[in-house]
Amino acid sequence: MTIPIQKRLTLIRHGNAEAETDVRDFERPLTRKGLSEAAEMAKRFQERGLVPDLILASAAVRTRETAETFAKVLGVAPRLLQLDDSLYLAEGDHILGLIRHGGPRVGHLMLIGHNPGISATAIALAPDVVNSDLPTCGALTMSVGCKAWNLIDRRCVREAEVQVPSKKFFDFS
Numbered sequence: 001m002t003i004p005i006q007k008r009l010t011l012i013r014h015g016n017a018e019a020e021t022d023v024r025d026f027e028r029p030l031t032r033k034g035l036s037e038a039a040e041m042a043k044r045f046q047e048r049g050l051v052p053d054l055i056l057a058s059a060a061v062r063t064r065e066t067a068e069t070f071a072k073v074l075g076v077a078p079r080l081l082q083l084d085d086s087l088y089l090a091e092g093d094h095i096l097g098l099i100r101h102g103g104p105r106v107g108h109l110m111l112i113g114h115n116p117g118i119s120a121t122a123i124a125l126a127p128d129v130v131n132s133d134l135p136t137c138g139a140l141t142m143s144v145g146c147k148a149w150n151l152i153d154r155r156c157v158r159e160a161e162v163q164v165p166s167k168k169f170f171d172f173s
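In terms of our numbering, the sequence shown has 129 at position 129, counting the first letter as 1, and numbering is strictly consecutive.
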């Protein structure tokens, strides 16, 4: 018996961020490259019609900027972009716990976070597809064959695909 695809989950590592400077880590913004990565990846999702019902992101500046770029390009309403302080540098188990608390009306959940937690979650759910850290703005999107988010584990994953931003980036500053 084949379990039909019920949900879609997308895990994204935030875009390239400014190197450690005189600001706190939480406040580091995206670089021009990071903004470009986020726009490119969001456009790919738009072209494929992969628009989430909810975007959940760490409240750190770099993840917020990544999430806002995706929301803008994908036409996701501001109320459907939720920032969560607990996602800042969260471990994989915590991220998986948040996914499992997804509401019944969320068919496609997009979660934007930090390494190593976001990659650990990707590896836990799709070890045949992801076996190392996602690069900046790398995304794992997967079809999930479970009726409720609280049931998600690697056995529910039906199809999984990793996408990474292109290497083309030119900084003319």
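Among the clues, some could well be false.
[Said to hold, decoys possible] In silico lysine-lysine, DSS-like type, Cα no more than 25 angstroms apart, as pairs:
#1 43 to 72
#2 43 to 33
#3 33 to 72
[What the hints assert, rightly or not] Label pairs and their calculated CB-CB ranges:
#4 79 to 131: 34 to 44 angstroms
#5 124 to 148: 14 to 24 angstroms
#6 147 to 80: 27 to 37 angstroms
#7 147 to 75: 22 to 32 angstroms
#8 97 to 132: 17 to 27 angstroms
#9 84 to 151: 20 to 30 angstroms
#10 53 to 86: 14 to 24 angstroms
#11 22 to 159: 40 to 50 angstroms
Hints are computed from structural coordinates only; laboratory data are not their basis. Using N, Cα and C, we set each Cβ at its ideal position, and we do this for glycine too.
Evaluation of the provided hints:
no.	hint	result
1	43 to 72	10 angstroms, holds
2	43 to 33	15 angstroms, holds
3	33 to 72	18 angstroms, holds
4	79 to 131: 34 to 44 angstroms	36 angstroms, holds
5	124 to 148: 14 to 24 angstroms	18 angstroms, holds
6	147 to 80: 27 to 37 angstroms	22 angstroms, violated
7	147 to 75: 22 to 32 angstroms	27 angstroms, holds
8	97 to 132: 17 to 27 angstroms	23 angstroms, holds
9	84 to 151: 20 to 30 angstroms	21 angstroms, holds
10	53 to 86: 14 to 24 angstroms	21 angstroms, holds
11	22 to 159: 40 to 50 angstroms	44 angstroms, holds
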